[in-house]
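Sequences are here, hints too, so could you generate the full structure?
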Amino acid sequence: MRESYLISISKKISAVQLLAILFFGLSCVFAIIAIVASDVFFLRLATEAMIFGGLALSVDLLLGITGLLPLGQALFFGFGAYASALILKNWTTSIWIVLLISTLFSALMGGLAGLIAIRSKGVYFALISFGLAQVVSKVVFNSRDLGASDGIIGVPNAEILPGLTSGDPAVFFSFTILFILFLYAGLNYLLATPYGRQLIAIKTNEHRVAFLGFNTWRYKLSAFVLAASIAGVSGALYPMLRGFVSPELMFFQVSGNAIINVIVGGTGTLIGPLYGSALLTGIRSVVGSFTPHHQLVIGVLFMAVVILLPRGIIGYLAPLLDSWRSRKRNAKIQEADHG
Amino acid sequence: MIDALEWLQYVLAPQVINGASIGVAVVLMALGLTIIFGLLDVINMAHGEFYAIGAYAAVVLIGMGMPFWWALALTPVLMAVVGYITERSLIQRVFHSKDRHTLTLLLTFGLGIVLEDVLKIIFGANPLRIETPIGGAVEMLGLFFPNYRLFVMGLGTLIVAAVWILIFRTKIGAIVRAAAFDRHMTASLGVPVNKVYALTFALGVALAGIAGVLLAPIYSVFPTMGRDFVLIAFSVVIIGGMGSIKGAVIAGLLLTQIQSISSLYISPVWSDPLLFGCMVLVLMWRPQGLFGRLGHA
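Protein chains in written order, with this note's numbering: chain A, 3 to 341; chain B, 10 to 306.
Hints may be right or wrong, so weigh each one.
What the hints assert, rightly or not - Think about it this way: if two alpha-carbon atoms lie no more than 20 Å apart in a straight line, the pair counts; the simulated DMTMM-like pairs of lysine to aspartate or glutamate are:
(1) Lys-107(B) / Glu-208(A)
(2) Lys-123(A) / Glu-208(A)
(3) Lys-91(A) / Asp-147(A)
(4) Lys-204(B) / Glu-15(B)
(5) Lys-129(B) / Asp-281(B)
(6) Lys-205(A) / Asp-237(B)
(7) Lys-123(A) / Asp-237(B)
(8) Lys-107(B) / Asp-50(B)
(9) Lys-91(A) / Asp-170(A)
(10) Lys-123(A) / Asp-50(B)
(11) Lys-205(A) / Asp-191(B)
(12) Lys-204(B) / Asp-191(B)
(13) Lys-107(B) / Asp-237(B)
(14) Lys-180(B) / Asp-191(B)
(15) Lys-91(A) / Glu-161(A)
Unchecked claim - A partial selection of chain A residues facing chain B, derived with a Cβ cut-off under 8 Å:
(16) Ile-15
(17) Gly-133
(18) His-295
(19) Ile-300
Hint data in this document are derived by calculation from the structure and do not stem from the laboratory. Glycine is no exception: its CB is placed at the ideal position from the N, C-alpha and C atoms.
So, in structure tokens, the structure goes:
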């Protein structure tokens, strides 16, 4: 009896994974309720939250896993959005081609930016990624060919399968949530590979990894490129949802919001950033309907989290959940022993 | 030949003067950032907002009927108090954690968001203006120098010199440099290191406030005025070397000159990419910036 319990403990999934299952489960429940109620507003809002969740995932890959703080991740998000808008408008409406090409271009852009940014460490990296995004967004803001400050409007719907387009809020929400699940699962798998362990080791002690004979530059650059691709492909979904892109997508506000989502949700947990995106997009929308000064509320909340819960909500809840579960399990084992 | 002289006189010289007066303000901003980083290891992302608050403080004080000069003298004092309170009540709370760099950066980033929105709530998003306190211009060698810009340059130079003397030639400065070099050793010699930290932060914030007041009559005053300006200041600090006072001064003057002279030839839209290009080039050559950091040189 006791052995079987022990086996079941080792096979038990961790609290973070449980929270991840809960997250995607809740999204499905939400989708069903929204479809039954034939709602559009909340479906679109939730889709937007998930798109920014993709951006938050890419920030978490750098900040929570590799230990690099990116202050300009919106650069790649906006880049992917512009690439997607241009392809949809001028070439094809197939979502698969759009996603593939914007991923490739974002990866290329990530490689270029990475060559500049990865040279520097710590706060220098943070400030250089900040500067890069600032400069590129200014260039886009002033480029006539990209619509300057107006951006690109009138982006057509993307076609997912024949007959299913991104214009249908329910279809597009389902697609986005599946896509984010795919990204999440991919990253989660990556963490368990030697490559992922290497990234975590770099975060913990970069010098030691270098002394063990690994080329940390190569690992950091590849993580940066991967994060750029994830941000870019998430950005590519944006014009399909809203039908336009504007230079604001590259502005610091977007990078900053992504970081807020990650920190509030919980760095390094991967699911935390998705919770953070959902929570904060909700708060922005709700508070924003009462007052234009929702940034104040977000800012205070963010500062409170940084001071009181530096691990974020999921980073705080997961250990609690784990200890509660192991207490319950121990109680069961004792009961089994006595019985 | 005459053409070249005229070009020097009417095109280049005014641009250099403009660049230098803004340069001095950029140096004040960068000085604040670099001192705070050099001693506390804190990247103050709210620095641009402190700059904006300085400008608004001047607007309010002048609105209360005070002359510009009183506002100029009082604002840094007010800002120092704001800085002191910020350090004690917020930064100290995460200062002793393991990833201090990231947490303090994030905290000041959040603070910046809050402060900007507070400014918007109090003053609205529309730009306000301050009358230029000294009008007119002096003529020298056939060139016209706007008096106020000359004043900004003069006062800015004095302040930079004063800060330099304070840090490198006084006992207080020795304490600050010692605390930057080895915090525990300094503390064990009986120096109240935490107070030194808070006061240094206050000094940095006061410098940002002065820059805000000085530039308020040249630019208009609006809640997001610090955003672009702080980007230049960050580039200056990175190029000069984080925590280096010498670096902040040299890089600040150099970069603003590059910016203002280049605007003769290229659209000012490209001045930010140009600055950034300079920064990347310097970092490729010296990743730690041009000069070493405070207490380590």
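**OP:** Assess, step by step, whether the Cα of Lys-123(A) is no farther than 20 Å from the Cα of Asp-237(B), and give holds or violated.
**Re:** violated, 23 Å
Original post:
For the pair supplied as a hint, Lys-91(A) and Asp-170(A), is the alpha-carbon distance within the 20 Å limit?
Top reply: Holds, at about 18 Å.
**OP:** Take the C-alpha atoms of Lys-204(B) and Glu-15(B), compute the straight-line distance between them, and say whether it is at most 20 Å.
**Re:** Violated - the C-alpha atoms of Glu-15(B) and Lys-204(B) are around 55 Å apart, more than 20 Å.
**OP:** Using Cβ atoms only, decide whether Ile-15(A) comes closer than 8 Å to chain B, and label the hint accordingly.
**Re:** violated, 28 Å
Original post:
Under the criterion that the straight-line Cα-Cα distance not exceed 20 Å, is the pair Lys-180(B), Asp-191(B) satisfied?
Top reply: holds, 16 Å
**OP:** Compare the distance between the alpha carbons of Lys-205(A) and Asp-191(B) with 20 Å, and conclude whether the hinted pair is satisfied.
**Re:** Violated: Lys-205(A) and Asp-191(B) sit about 25 Å apart, past 20 Å.
Original post:
Does the nearest C-beta of chain B fall within a distance shorter than 8 Å of the C-beta of Ile-300(A)?
Top reply: holds, 7 Å
Original post:
Would the pair Lys-123(A) and Glu-208(A) pass a check requiring their Cα atoms to be no farther apart than 20 Å?
Top reply: holds, 10 Å
Subject >> Agreement of Lys-204(B) and Asp-191(B) with the hint, judged by alpha carbon distance not exceeding 20 Å >> reply: Measuring from Cα to Cα gives roughly 15 Å; hence the hint holds.
Subject >> Interface hint outcome for Gly-133(A) [beta carbon to chain B under 8 Å] >> reply: holds, 5 Å
**OP:** Decide if the proposed pair is consistent with the structure: Lys-107(B) and Asp-237(B), CA atoms, cutoff 20 Å inclusive.
**Re:** Between Lys-107(B) and Asp-237(B) the Cα gap is close to 31 Å, so the pair fails against 20 Å, i.e. violated.
Original post:
With a cut-off of 8 Å, does the beta carbon of His-295(A) approach a beta carbon of chain B closely enough for the hint to hold?
Top reply: OK, holds: His-295(A) within 8 Å of chain B, min 5 Å.
The structure does not agree with the numbered hints 4, 5, 6, 7, 11, 13, 16 stated previously, though it agrees with the rest.
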